[in-house]
Each structure stands twice: as structure tokens, then as C-alpha cells.
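Spelled out, the chains give:
Protein chains: 2
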Amino acid sequence: MTEQVAIGIAGVGKIARDQHLPAIAGHSGFKLIAGASRNARIDGVHNYQNVEDMLAAEPLLQAVSLCAPPQVRFSQARAALEAGKHVMLEKPPGASVTEVSVLAALAQQNHCTLFASWHSRHAPGVDVARAWLAGKTITAVNVLWKEDVRRWHPGQEWIWQPGGLGVFDPGINALSIITRILPHAFFLKSAELFVPANRHNPIAANLDFSDALGTPIRAEFDWRFGPQELWQIEVTTRDGILHLAQGGKFLKIDGEVQDIGGEREYPSLYDRFFELISTGSSDVDVSPLQHVADAMLLGSRHEVEKFED
Amino acid sequence: MTEQVAIGIAGVGKIARDQHLPAIAGHSGFKLIAGASRNARIDGVHNYQNVEDMLAAEPLLQAVSLCAPPQVRFSQARAALEAGKHVMLEKPPGASVTEVSVLAALAQQNHCTLFASWHSRHAPGVDVARAWLAGKTITAVNVLWKEDVRRWHPGQEWIWQPGGLGVFDPGINALSIITRILPHAFFLKSAELFVPANRHNPIAANLDFSDALGTPIRAEFDWRFGPQELWQIEVTTRDGILHLAQGGKFLKIDGEVQDIGGEREYPSLYDRFFELISTGSSDVDVSPLQHVADAMLLGSRHEVEKFED
Chain A
449 MTEQVAIGIA GVGKIARDQH LPAIAGHSGF KLIAGASRNA RIDGVHNYQN VEDMLAAEPL
509 LQAVSLCAPP QVRFSQARAA LEAGKHVMLE KPPGASVTEV SVLAALAQQN HCTLFASWHS
569 RHAPGVDVAR AWLAGKTITA VNVLWKEDVR RWHPGQEWIW QPGGLGVFDP GINALSIITR
629 ILPHAFFLKS AELFVPANRH NPIAANLDFS DALGTPIRAE FDWRFGPQEL WQIEVTTRDG
689 ILHLAQGGKF LKIDGEVQDI GGEREYPSLY DRFFELISTG SSDVDVSPLQ HVADAMLLGS
749 RHEVEKFED
Chain B
449 MTEQVAIGIA GVGKIARDQH LPAIAGHSGF KLIAGASRNA RIDGVHNYQN VEDMLAAEPL
509 LQAVSLCAPP QVRFSQARAA LEAGKHVMLE KPPGASVTEV SVLAALAQQN HCTLFASWHS
569 RHAPGVDVAR AWLAGKTITA VNVLWKEDVR RWHPGQEWIW QPGGLGVFDP GINALSIITR
629 ILPHAFFLKS AELFVPANRH NPIAANLDFS DALGTPIRAE FDWRFGPQEL WQIEVTTRDG
689 ILHLAQGGKF LKIDGEVQDI GGEREYPSLY DRFFELISTG SSDVDVSPLQ HVADAMLLGS
749 RHEVEKFED
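Quick note, the sequences are listed as chains A and B, same order.
Here my numbering is used: the first sequence runs in plain steps of one and ends on residue 757.
Here my numbering is used: the second sequence runs in plain steps of one and ends on residue 757.
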């Protein structure tokens, strides 16, 4: 494939404007031709109220990138796949794990690419960390993912509603990294969920995982943190400590800072989407969302003070 | 394989005595040689305090059936698989979905059979219902699973603790049936969970599922019901209504009661386990537990009155 892929965006909110629009504009493989959003408009392209209208009016559209909250992901993705379009899903890929599996089957039936994207896996330190950890004996993993919800999600009601994940919305980024860099599959042993008295989703969570070898893997997520924030993963091995910080943009191995290049998460995501379309394949890994569902299944809930935005 | 499989049971509680011991005793393919339980003893076989002791002392053991609560399933199953034994898991197969996937990989590495059993799928009406529904156009599914928790789980604390599932402990039986008989995969759209003020797990739940075609699939689970109890599934199709009642022991199709034979769920489970061992294969379908995890992820929680046993 040498021609550009005609792409549309659904859900023109903060993440679309901050990340997707610049990444698509800077990518030689894609040409943005349309947007679908109830309220927002993208300059210079055709705009529609919803995905169905966009699909009906734009026969040349080949791909759709879904950036709306996860609660509406399935119906938008189904409409696009049934219209024969390739689909990229922002994280999390759905409001439930099973609906993502159903989408994957739909994509296959319709000979379309489905890409369940995890942007944090495209942070510059992730592939280097994965390569270094392969074959190492790991003795402990510690994850601290602590930020200020008021800074990152001001007034966003959907994150507190069922399907919106609460503190797992950032926490799933950490889970998407450790499911990628650790050499063995791991699973939840116990969890504590801290839920504001007036909200449905946790504002903080402590998770204890293990792999089949018994390696302790601890993750602490907290949305009540700042102004100094923390997005770090420390992996202790028999050959030294790997320290991934700033969400994957900083990497130190055995005391030495690694030269891993600059951050280009979303350009790299669109590279991957283009590659998948070009090779007629899909990439749907639900494991980070699966861990969150397991935490909600197995975790002990503790009521904490009300959260007002 | 013509010889009997030497089997041990771990977790000698109500379900082991009511179902597993009689089923094994009546099965020509298995010979019970040991039991592992902290407090209980099985007459006529060697008894041990825990699975590890049983595995160490019984080199002739070929298979283990795990009947303890799901919170301890993983560590028992891992020990048995690493000792090269075939493993059958009572439902639910684990305290999290991911741990069951990790077990499946361990079984494969160790060339052992892993059978994640769902006893309700072996009710006599299930296969007949599945065969009749194949290829039918389904317009609605309604599940009512309503029983008295005090009758079925008197004083069982583990069902209320994290990992114990609450009303999903019986509800997952209904889910194991509909995931088996419906011709299309379905997923949760929304759920309401009713949780006693003094408990972690729901005592009732209303679930709204859909398949990719938009078919409405509604399930109502309630543990506050009786003395007349309900375990029924009604599937409306363009060719008539299928009515499965008494947990799968009664089947009516388009008004006509079907002759489906008598109940032999657990004997049939052990038939299946024996077949899997004989053919060197495994059967691990996590979809019923996956739906429960999705419900805990996506469901709205409503506090209801305290439950005292």
C-alpha cells in the first residue's frame, strides 16, 4: 500500500486535540478527511454529529479512530467495522472485556483491521526495558502511578461513571506497560479499592499480583497526589534494578541512565495502525483491561471521603 | 487408556460430599485414593492436611479434583500441575480470570489436562437446547435465577468475601448455560448490583447483555427468594419459545415438554474429565467468570439492607 489511508476521528475531545490530530497531521500514511462529534468541530474537514452519519456520507473513508469515552466505544466500532472500515480504539478498548472480544470477531468477519491501542506501550523506554528484562530473573516489581485527577480530568464526569474506570484510567497505562515488559504472565492475588463515598469508581487502589513463580508485583495507583506526580516502575532482578520513570520516558538500568530518544507515543501508535492495515492484521490485547476487571471482581472496597470536582 | 485413573480430592466440604464423592465412586474410570482437607476426612482412603502433603506422599496419584473455595484454587492447582497431575477445577475456576489463563499455560507446559468444569452445562436439557437453538433467529433471552441463600450456603463466609462472588456463585451457573446454548457471543451492556450494607459481594444483580446483532439478553439473579425457587432460561425465537427450567432438568420447546432423561451432572463431569485425560487435552472456558468480572467492572452498586446469616 503506497497511498494514504483516508481516516476519520470520532470523539473530538481533549485526547483527540492533544494527541490524535497532531499525530495524524504529522503522519505520511494517513489523511484526515472527517470528524464526528456531538459538539466539537475539526477545522478543514467534513464534520458530522455522529459516527453513523459520517460513515453514510463518506464512502471514501477507509479507517476510523475512536477517541470518545469507553462507554460508547462498542456501538461506534461495530458501525465502522460493519461498514468495512479499519478501526483504532483509544484505551481502554471497551467498557467490558467481553465486548472487545466480540469486536475482534466482527473485525475478522469483515476483513478489517482492529487495533486496541495502548499508548503507554509506545513510550520510548518500553521496548528497551522489555529487551533487557527478557531472560532475567526477576525478584520484585513495584509500580507507583500517582497523579492529580483535577489536573488531568477536570470536570470529566464519565471517568466516575460505570465503565469509566476511575483511577484505573491512568493505572491501566501502567498495567499496559508491565504486561508488555515482564517476561512472565502475572495475575491478581488481592486488591484494596478506595472509593469516594459519592462516587462509583475508585480514586485509589493497591494491587498485589504474582506470576506463576511467586514473584511479588505490587502496584499503587492514587489520584489524590501532587503537585509532584509519579509514574514509575521499578523491576528488581538478580542482574540489577531497572527503573522506568515519567511514564516510560526515562530509563535507568543498574544505575545508568539509558539514551532512549524522545517521546513520540501517538506518532508511534499511528505507525503501528498503518502497519496493521498494510499487512491485513489486527492487534487486540485485552490483558490490561482484564487485570482491572479482576481487581473490581476480587478487590476489597473501602469507602473514603467524598470527591467533589 | 484402560486402567483406572488414581484420583485425589482437595477440599472435603458440602459439594465434595454431595456430588464429587458419589460421582467418583460410581465411575469406572476413576479410583479415589486420597483426600486433602484441613478438617474433614474421607473414609477408606489416605487423608492429608493439605494438597502439598498429599502430592508428596502419593506418587501413584494421577489426577486431583479441586473442590475448595475459589480463593485457594490457584495455589492448589499450581502445586498439582507442577507435580504432573491432571486437574479438575470446581466452578468458579479461580478468584480472577487471569489466574485461570496462567493455570492453562502451566498445564500445557507440564503436559497435564486442565478441566475448568461448569456442572450446570451437564444438566440434561443443555445439549438438547443448544442443538435446537443452532441456526435459529433469537429475539429475546430472559434468565431468572432466584433462590434462598440461607438454604444453599448456610454460614458459608467465603461466598461473601472478595473472590467468593456472592449471588454470582449461583448466577454463574446460568451464565455457564447461556454461554453454551446461545449461538452468538454476547456481552454486558449494563448491570445493577445490590450489595448488603455489611457485605462485599452482591446479594442480587440485574444484568443486561446484548450480542452483536442487538438481541436483548436479560438476567436477574436474587438470593433473597423462596421457598419456591426459580432457575429458568427462556429463549424467544422466530420458531417458538425454548423454556429451560429447574436449572436445566426441564425443557419445553414451543409448548411441548421434551424427554431429556434424568439428571446426572456430576457423573457427566467426570465422564468429560476422563475423556480429556484419555485424549491428552484440556477444556478451559473462562467466559462465565469473564461475564461476572465484567459485571463487577461495569455494574452500578446499590446498597441494600444488611444480611445476617
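Treat the hints with care, as some may be off.
The list makes no distinction among identical chains, and a pair is therefore deemed to hold if it is satisfied within one copy or across any two copies.
[Claimed, not checked] Result set (DSS-like, lysine-lysine): computed pairs, CA atoms no more than 30 angstroms apart in a straight line:
{"hint": "1", "residue 1": "Lys479", "residue 2": "Lys584"}
{"hint": "2", "residue 1": "Lys637", "residue 2": "Lys462"}
{"hint": "3", "residue 1": "Lys754", "residue 2": "Lys700"}
{"hint": "4", "residue 1": "Lys479", "residue 2": "Lys637"}
{"hint": "5", "residue 1": "Lys700", "residue 2": "Lys479"}
{"hint": "6", "residue 1": "Lys584", "residue 2": "Lys697"}
{"hint": "7", "residue 1": "Lys754", "residue 2": "Lys697"}
{"hint": "8", "residue 1": "Lys754", "residue 2": "Lys637"}
{"hint": "9", "residue 1": "Lys462", "residue 2": "Lys584"}
{"hint": "10", "residue 1": "Lys479", "residue 2": "Lys594"}
Honestly, the hints are just simulated from the structure, not real lab data.
Enumerate the violated hints, using their earlier numbering and listing them in ascending order. When the structure is compared with the hints, numbers 1, 3, 4, 5, 7, 9 and 10 turn out to be violated.
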